[in-house]
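Q: Work out the full structure: start from the sequences and follow the hints.
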Amino acid sequence: DIVMTQTPLSLSVTPGQPASISCKSSQSLLHSDGKTYLYWYLQKPGQSPQLLIYEVSSRFSGVPDRFSGSGSGTDFTLKISRVEAEDVGVYYCMQGIHLPPTFGQGTKVEIK
Amino acid sequence: QVQLQESGPGLVKPSQTLSLTCTVSGGSISSGSYYWSWIRQPAGKGLEWIGRIYTSGSTNYNPSLKSRVTISVDTSKNQFSLKLSSVTAADTAVYYCARGVEGIAVAGAMDVWGKGTTVTVSS
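Residue numbers (my numbering), protein chains in the order written: chain Y, 1 to 112; chain D, 1 to 123.
Heads up, a few of these hints could be off.
[Said to hold, decoys possible] Which bits of chain D does chain Y cover? Going by a derived footprint, with three or more residues having C-beta under 8 angstroms, they are:
1. 43 to 49
2. 105 to 115
[Unchecked claim] Partner residues are not named here, just some residues of chain Y that face chain D (Cβ under 7 angstroms, in silico):
3. D33
4. Y37
5. S48
6. P49
If you are wondering where the hints come from, they were derived from the structure by calculation, not from laboratory data. Where is the CB? At the ideal position from N, CA and C, for every residue including glycine.
A: Right under this line is the structure:
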């Protein structure tokens with residue numbers, strides 16, 4: 001299985017400040033079609049995960065533009081330009097290039 | 001819009017079979033290019049993909065669970081189901097169903113999730 005490693009595992013952020021989460025995969029997520037199948041999900045407290053970003057950097061419908069994804073190959077980053085109270089929860093990266101799809105351990109974001 | 005709802009017993013005895021159903025509403029399970037997945041999350045832990053099914057009936061399972069998992073689909077009822085046999089306490093978790101986007105990727109983005117149902121394995 002591809003191992004997804006996220007850092008940090010927790011993050012405390014002042015509202016209005018930026019936040020950044022790293023995700024590294026044990027194998028390249030670049031497909032022969034030229035796309036990279038790395039996704040980001042947010043699980044808000046008491047809720048199911050929700051899709052934020054697909055194919056590294058494309059925001060899902062309704063996701064605010066303060067969220068951005070970047071990276072290539074095996075190294076990826078999710079950035080929140082200005083954290084808001086509603087952004088608290090656990091963020092997961094997930095790879096979709098090899099079965100089974102695997103998730104990172106999660107990064108818990110809280111507000112200071 | 002499409003919504004998913006998990007249902008099934010919240011308590012299962014060790015060695016028995018866990019059975020859950022995911023009902024799709026707001027759209028046909030057969031329309032569009034999607035696959036239908038099960039994911040689980042033990043309390044306070046991360047997410048584990050269990051497996052998926054296409055409406056053609058084709059399935060893929062996590063090798064770690066493959067010997068115990070069966071996923072099926074009933075398009076007439078707009079439902080898909082999970083059976084996990086020989087359960088132990090380690091199978092205690094919140095179980096989610098989700099819709100995934102079919103495409104060139106082995107696993108496209110899972111864009112719609114159910115709220116999840118808690119299953120406890122205990123005698």
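Q: Now look at each hint and say whether the structure bears it out.
A: Evaluated hints:
With 4 residues bearing a CB less than 8 angstroms from a CB of chain Y, the region 43 to 49 of chain D meets the requirement of three and the coverage assertion stands. Counting residues of the region 105 to 115 of chain D whose C-beta lies closer than 8 angstroms to any C-beta of chain Y gives 10; at least three are required, and the coverage claim holds. Hint status for D33(Y) relative to chain D: holds, with the closest Cβ pair at about 5 angstroms, below 7 angstroms. Contact between Y37(Y) and chain D, as hinted, is supported at the beta carbon level, the nearest pair being about 4 angstroms apart and thus within 7 angstroms.
The interface hint given for S48(Y) is met, as the beta carbon of that residue sits about 4 angstroms from the closest beta carbon of chain D, less than 7 angstroms. The restraint placing P49(Y) at the interface with chain D holds, with a minimum CB-CB distance near 6 angstroms, inside the 7 angstroms limit.
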